[in-house]
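Trainee: The listed protein sequences correspond, in order, to chains A and B. Once you know that position 26 of the first sequence is 26 in our numbering, the rest is easy, because the numbers rise by one and skip nothing. Once you know that position 144 of the second sequence is 144 in our numbering, the rest is easy, because the numbers rise by one and skip nothing.
Rather than coming from a laboratory, the hints here were simulated on the basis of the structure. There may be inaccurate statements among the hints.
[Unchecked claim] Label pairs and their calculated CB-CB ranges: (1) 131/A to 61/B: 42 to 52 Å; (2) 21/A to 61/B: 22 to 32 Å; (3) 125/A to 78/B: 22 to 32 Å; (4) 12/A to 69/B: 39 to 49 Å; (5) 60/B to 48/A: 11 to 21 Å; (6) 79/B to 6/A: 19 to 29 Å; (7) 34/B to 126/A: 25 to 35 Å; (8) 71/B to 66/A: 14 to 24 Å; (9) 68/B to 35/A: 25 to 35 Å; (10) 4/A to 64/B: 13 to 23 Å.
[As the list claims (entries may be wrong)] With a straight-line cut-off of 30 Å between C-alpha atoms, the simulated DSSO-like cross-links for lysine-lysine are: (11) 131/A to 93/A; (12) 8/B to 177/A; (13) 27/B to 8/B; (14) 48/B to 91/A; (15) 79/B to 129/A; (16) 19/A to 69/A; (17) 61/B to 35/A; (18) 185/A to 61/B; (19) 35/A to 19/A; (20) 187/A to 125/A; (21) 35/A to 48/B; (22) 125/A to 177/A; (23) 27/B to 144/A; (24) 125/A to 79/B; (25) 129/A to 187/A; (26) 177/A to 27/B; (27) 5/B to 19/A; (28) 180/A to 8/B; (29) 79/B to 69/A; (30) 22/B to 187/A; (31) 8/B to 187/A; (32) 22/B to 185/A; (33) 8/B to 125/A; (34) 144/A to 5/B; (35) 22/B to 177/A.
Beta carbons are placed, not taken as given, at the ideal position from N, Cα and C, and that holds for glycine.
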Amino acid sequence: MNDRIEEFGDERLVELAKKGNINAFAELARRLQEKVYHTIFGMTRNHQDADDLTQETFMYAYKALEGFKQKSSFYTWVYRIAVNLTLNFLKKKGKERGREDFEDNAPVFDKAAYTALSPEGDSLKRELKEKLDEAIESLPLAYKASFNLVVLQGMSHSQAAEILGCSENTVSWRMHKARKMLQEKLKPFF
Amino acid sequence: MRCRKIEKRISDGIDGRLSREKQAVLKIHLSECASCRGYRERLETIHKQSQTLFTPRVAPKHWQESLSRLRAGLEAEEKTGRKSRKRWMPAIFPKRRWTWAGAALLLAAALVLYFIRSGPNARQEIMAFSFEDAVNGIDQEIKNNPELEKYFNSFIQDSIHEHVGEISEVVNPFHYENSLFLESLNEEELQLLESALKKELKL
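Modelling step: build the complete structure from the supplied sequences, incorporating the hints.
Mentor: In structure tokens form, the structure reads like this:
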């Protein structure tokens with residue numbers, strides 16, 4: 001059964017998981033955990049928080065699975081939980097949130113990949129990235145969530161709207177406002 | 001076309017959301033307006049740089065450990081959570097399940113009335129974000145620009161019509177799902193939502 005479970009489609013796995021099949025749900029989580037983690041990390045920018053919230057997302061999803069009416073895909077449904085849990089978390093944590101340096105989380109990261117993402121060369125570029133990092137951090141939560149899904153996760157406005165529970169036009173508007181705010185804050189670098 | 005409108009269109013263009021016609025208008029404007037060309041370049045730089053910021057690659061071993069932790073959590077939930085939920089109701093009202101149905105109906109009715117009749121301040125308590133902050137922010141942004149206000153109201157009202165059905169279903173384990181949507185509404189739009197809900201619920 002466990003060998004075959006990896007070949008099952010999401011819908012079949014959801015059906016099995018609804019009946020309490022932990023292996024089926026674990027397989028769903030295995031397929032999505034990395035993407036969910038990155039989505040959350042895009043907003044928390046902290047490994048430990050993202051890791052905890054990823055776990056929380058799947059636990060929440062499992063507990064609420066009976067209420068999942070499959071109107072949307074499992075993927076969208078889990079993303080919606082992840083984004084909302086993260087937004088609630090950030091709201092609670094507010095401005096007290098400190099940002100840990102990547103080095104603090106070094107054991108779980110692929111060092112080579114990280115180094116490749118942080119070129120030592122161009123100091124101006126690095127400074128721009130630091131400021132951009134701060135500017136994104138300071139965006140209103142609703143804007144930050146849209147920016148994260150569209151720019152960092154590469155979703156369409158339509159996909160982001162489905163996850164955020166708003167219209168495409170709202171996402172489009174938030175993207176426009178977020179970008180306008182970012183470019184205002186980064187003006188000295190242009 | 002005014003530069004203010006073009007800015008929104010530039011943003012949509014970066015996300016690949018423009019029709020051919022709008023792309024053509026944008027192209028013409030950009031060929032004539034250095035300021036908007038500069039704006040687009042800045043947004044494109046921000047877009048590209050942002051995509052290189054937050055892509056940590058976690059070692060595969062971590063995902064395996066993470067899945068093991070989740071599995072342990074799921075097994076614990078199966079042992080404790082599901083069983084305790086199943087036993088809890090009959091233990092209190094073993095032969096009076098109808099009492100629960102009545103209580104649930106009363107609670108649902110109370111929640112609906114509370115949601116509809118209470119003001120924005122009370123509503124803030126069940127929302128994920130500060131309603132007043134959001135409304136103030138929106139007011140600041142649009143108060144001096146009737147055109148912007150009109151546009152804003154137009155798509156917010158579309159959102160209301162899209163969401164009213166969803167909100168009125170009430171039976172939804174993710175009550176916070178609509179927080180982002182509600183957060184964006186001003187007083188006028190909330191009133192519109194309230195009247196739409198009343199109509200939907202025949203109150």
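Trainee: Any hints from earlier that this structure breaks? Give me their numbers in increasing order, please.
Mentor: 1, 3, 4, 9, 15, 18, 24 and 27
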